[in-house]
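Engineer: Heads up: the sequence lines are chains V and U, in that order. Counting along the first sequence from 1, when you hit position 322 you're at 321 in numbering that gives the first Met the number 0, and nothing is skipped either side. Counting along the second sequence from 1, when you hit position 219 you're at 218 in numbering that gives the first Met the number 0, and nothing is skipped either side.
Because the hints were derived from the structure by calculation, they are not lab data. Where a beta carbon is used, it is the ideal one built from N, C-alpha and C, also for glycine. Keep in mind that a hint or two might mislead.
Pairs of lysine-lysine residues, derived as DSSO-like cross-links and limited to a Cα-Cα distance of at most 27 Å, are as follows [what the hints assert, rightly or not]: (1) V:322 x V:361; (2) U:143 x V:388; (3) V:421 x U:56; (4) V:238 x U:104; (5) U:56 x V:388.
Over the 10 Å line for every Cβ pair with chain U, so calculated as not near, a few chain V residues [to be verified]: (6) 35; (7) 178; (8) 278.
Spelled out from the first residue to the last, the chains are:
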Amino acid sequence: MKKLFVLMMVFILSVSAIAEITFWTTETESNRQTRIKALAAIYEAQTGVKVNVVPIEENDLMTQIPVAKNSGTLPDVLEAGIEPLLLLSSENFMDQNLNTEIVNSFGDIYPGAKRLLSDASGSSFAVPFHAWVQGLWYRKDWFEGRDLGFPYSWHNILTAAKALNDPANGVYGIIIPKKANAFTQQVFTEIALANGARPMDADGNLLLDSQEMIEAFRFYKELGKYSKPGYTDVLDALKGYLSGETAMTFYSTYIMDDIAVEEVQKSRIDKFDADLVVNTGFANKMINIRPTSYGQMVGIGVLSNSKNKSDAEKFIKFLMSPKNYVYWLHMAPGGMNPTRSSVAESDEFLDNPILQRYGKAKIAEIVAALDEVERFEFIEGKVLTDMSKLDSNFVIGKAINYMFANDWTPQQTAAWAQAEAKRVLGK
Amino acid sequence: MTFLNRYSPLKKKEAIFGWKLVSPTVILISVLILYPVFYNIYLSFFDVSLSIGSENKFVGLSNYINILKDSTFWRSFGTTVAFTLITVIGSILLGLGVALLMNKKFFGRTLVRALLLLPYVTPLIAIVFSWKYVLLPIDGPLTKFLTLFGFSSGMDIINDPNNSFIVVSIFNIWRNFPFIYLMILSKLQAINEDYYEAAEIDGANSWQKFLHITLPELYFVIGSVALLRGIWNFYKFDEVYLMSKFANTLPIYIYEKAFTGVPQQGVAAAIATLLFLFMMVIIGYYVRKVLKW
């Protein structure tokens with residue numbers, strides 16, 4: 000009996016001695032999970048620390064966190080997009096001191112990437128992990144034929160859309176999203192910021208009916224004239240571009256493998272255009288009265304309640320050490336871009352069939368846009384948590400949807416958006 | 000257990016045994032249903048804090064007052080009642096019609112009966128995408144077909160925000176009528192043929208047979224499925240939200256109010272309590288008057 004007792008004690012002690020951390024990731028696709036679990040297994044083999052990888056849908060995050068808080072099952076490390084990280088940080092969930100230390104310890108994180116995940120004092124909510132950039136993908140060959148310049152400015156974009164629009168032959172100047180969803184809001188964000196328009200100022204005052212905003216709506220509606228009919232969405236934008244149905248489309252860098260890889264393209268449109276990769280140009284910024292670019296940063300950070308912060312910190316550093324980092328980023332070549340300059344420029348990162356097709360210069364250009372990335376949620380180092388409420392209620396998306404459905408003037412659209420935003424925020 | 004003293008020892012034993020038998024269910028219901036319900040009511044009086052290191056703040060009835068003062072709540076409430084009535088009545092009429100047809104003998108009936116269940120048994124997300132696909136402007140197969148009859152190919156019926164209420168209502172009726180058809184059909188098959196024979200001898204026509212035999216026989220089935228569908232559709236979120244962002248029913252109001260941005264769990268709990276009370280009153284009245292319990 001005594002022996003059994005001792006044996007049990009040894010077992011219990013040895014089990015509890017195994018350190019463990021929990022890692023919530025929003026990369027839920029099964030092939031990504033395989034890679035993440037492989038990295039966790041390597042980490043465990045190297046350090047003896049077990050990593051519980053929990054995949055969680057980004058949309059469920061803000062409902063799962065309160066549940067986990069009440070049941071005491073919050074993770075030690077969390078990987079998520081800017082919006083949830085911001086909200087969590089405003090509620091003191093993120094250990095800003097430790098995350099800032101980790102950011103500083105790398106020494107080569109792009110300043111633009113760092114800025115997107117830190118407050119006015121420079122303290123980081125989370126470590127910038129990887130990012131995609133949104134821009135205008137366009138048919139370089141069609142543009143060159145008509146001498147249309149580069150579609151960076153509002154003027155050039157509209158001129159090209161008008162010139163290349165040929166609906167009789169099933170070709171449109173552009174495909175812009177018109178549905179009430181996140182994609183429409185992302186595209187509109189870039190357009191509005193290029194005109195200096197913001198839905199909210201640093202003090203949280205609503206500016207959806209400002210003159211700049213009205214002009215942005217007007218430009219969007221103008222583009223709609225040369226866009227594919229219907230309330231087009233993200234898949235229309237992607238398929239339309241791949242099948243040569245449009246001269247321009249807004250999309251994130253996740254389109255890169257669709258353009259370059261035969262199997263991926265065939266899975267979308269049943270055929271493959273081998274020249275598309277050469278004939279494609281990418282406008283990584285937009286300008287009307289000021290330049291801007293749009294992108295999404297995914298951060299990774301230690302939570303303030305973690306009981307095992309030292310292992311959590313080591314795990315993040317492990318994931319962002321060159322070899323493991325490249326292995327992670329190659330989950331979605333083009334879609335996931337590094338935030339560490341040393342990795343972005345390394346041959347190991349570029350050693351990938353998709354990235355190679357675009358070449359070092361193109362990749363550098365895409366990554367460079369990260370420095371200019373702007374969002375409605377940040378202004379002058381301030382974070383506007385109310386903006387996430389407007390985003391998730393699709394205030395701007397709905398306004399655009401209505402503008403096209405009811406043929407509203409830009410003024411009517413702006414007035415509706417302003418009133419709806421007031422309603423949503425209870426102002 | 001003094002109340003048991005009135006019974007004979009045998010009866011007493013039986014009663015105790017009975018309680019033992021139901022106790023697992025009673026315990027399960029208490030833990031899994033009653034506890035969350037009461038905890039929800041308790042939370043509705045608080046400003047629930049999500050922040051690490053700050054406590055919930057007691058706010059009395061202010062969550063309730065704020066909701067009841069919100070005009071959006073009342074608009075959503077009206078929309079939800081209209082949605083529930085239209086979809087329940089619509090799916091019952093369709094389900095009843097189809098069940099009557101499927102009760103007649105014809106070649107290939109088994110196959111048709113099985114096919115009719117597809118809208119109900121196919122995963123929701125798949126049919127939402129199918130609907131959106133067939134009605135795509137320009138490329139959608141149904142749109143192409145409709146252009147033969149003079150419709151504009153650029154028309155986007157489903158995604159037009161002005162159509163949202165009608166689209167979600169039609170979609171809901173189409174998706175859920177098989178459930179009603181199935182319930183009604185099973186009852187139809189159990190109606191004694193003798194009634195119809197007797198009616199025919201008395202010279203009743205088809206309509207009279209339907210009105211005086213079929214309908215009274217179906218009364219409780221229709222009453223029950225109307226109640227179930229009413230409860231389900233009143234709380235329906237997934238179908239409505241996936242089809243349109245503009246339908247503005249109450250579940251969407253709750254989602255918008257409580258789960259976007261930083262979740263406001265106290266407010267969500269108060270709305271849930273209000274809806275719970277409303278439904279309890281309606282259900283109580285309905286089962287008494289319609290189902291005659």
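Engineer: None of the hints should be skipped; say for each whether it holds.
Structural biologist: Now the hints, each set against the structure:
no.: 1; hint: V:322 x V:361; verdict: 22 Å, holds
no.: 2; hint: U:143 x V:388; verdict: 39 Å, violated
no.: 3; hint: V:421 x U:56; verdict: 26 Å, holds
no.: 4; hint: V:238 x U:104; verdict: 47 Å, violated
no.: 5; hint: U:56 x V:388; verdict: 22 Å, holds
no.: 6; hint: 35; verdict: 25 Å, holds
no.: 7; hint: 178; verdict: 6 Å, violated
no.: 8; hint: 278; verdict: 23 Å, holds
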